[in-house]
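K.L.:
In this text, residue positions in the sequence shown follow this note's numbering: the first is 3, and each later residue adds one.
Since the hints were derived computationally from the structure, they do not count as laboratory data. Keep in mind the model is a prediction, meaning the values are calculated, not measured. A few of these clues could be false.
To be verified - Computed cross-link-like contacts, DSSO-like style, restricted to lysine-lysine with a CA-CA straight-line distance of at most 30 Å:
| hint | residue 1 | residue 2 |
| --- | --- | --- |
| 1 | 36 | 89 |
| 2 | 95 | 108 |
| 3 | 89 | 108 |
| 4 | 89 | 15 |
| 5 | 108 | 15 |
| 6 | 95 | 15 |
| 7 | 108 | 36 |
| 8 | 100 | 89 |
| 9 | 36 | 95 |
| 10 | 15 | 36 |
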Amino acid sequence: MKQQSNGAGIGAKVSARIRELSAARGLSDEALAKAAGLSPLEMTLLDEGSEDITRDMLDRIADVFGVHPAVLCMFPDEHPLASLLEKQRDLPKAEFQKLAAEMISKGLRASKGTA
Numbered sequence: 003m004k005q006q007s008n009g010a011g012i013g014a015k016v017s018a019r020i021r022e023l024s025a026a027r028g029l030s031d032e033a034l035a036k037a038a039g040l041s042p043l044e045m046t047l048l049d050e051g052s053e054d055i056t057r058d059m060l061d062r063i064a065d066v067f068g069v070h071p072a073v074l075c076m077f078p079d080e081h082p083l084a085s086l087l088e089k090q091r092d093l094p095k096a097e098f099q100k101l102a103a104e105m106i107s108k109g110l111r112a113s114k115g116t117a
């Protein structure tokens with residue numbers, strides 16, 4: 003049995019996020035796996051949160067959804083910034099990245115009292 007590390011929870015969260023985005027787009031696991039170039043077994047393991055998720059996998063899955071890879075790692079119910087960015091998730095990748103960087107920068111300055 004594979005031991006879970008402290009970061010194991012993030013795999014389950016990312017997997018849930020991928021399921022959420024797949025459902026919103028009407029994609030089955032098989033269709034997503036084919037479009038992202040993942041084997042059905044890899045997709046099943048990913049979906050269960052039992053496989054390590056690589057940046058390459060996130061990039062390919064994000065490409066299928068047409069979103070920035072960071073969208074797969076955002077958990078809107080857990081952080082107000084993620085909730086705000088969630089509303090903009092379908093922006094072109096470059097625009098999303100710019101918006102996210104600006105929001106994070108402003109948020110950090112505000113938290114330090116230098117806004």
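K.L.:
Compare the structure with each hint and give your call.
P.N.:
Hint by hint, here is what the structure shows:
no.: 1; hint: 36 x 89; in the structure: holds, 27 Å
no.: 2; hint: 95 x 108; in the structure: holds, 20 Å
no.: 3; hint: 89 x 108; in the structure: holds, 18 Å
no.: 4; hint: 89 x 15; in the structure: holds, 19 Å
no.: 5; hint: 108 x 15; in the structure: holds, 26 Å
no.: 6; hint: 95 x 15; in the structure: holds, 22 Å
no.: 7; hint: 108 x 36; in the structure: violated, 39 Å
no.: 8; hint: 100 x 89; in the structure: holds, 15 Å
no.: 9; hint: 36 x 95; in the structure: holds, 22 Å
no.: 10; hint: 15 x 36; in the structure: holds, 22 Å
Hint 7 from the earlier list is the only one contradicted by this structure; the remaining hints agree with it.
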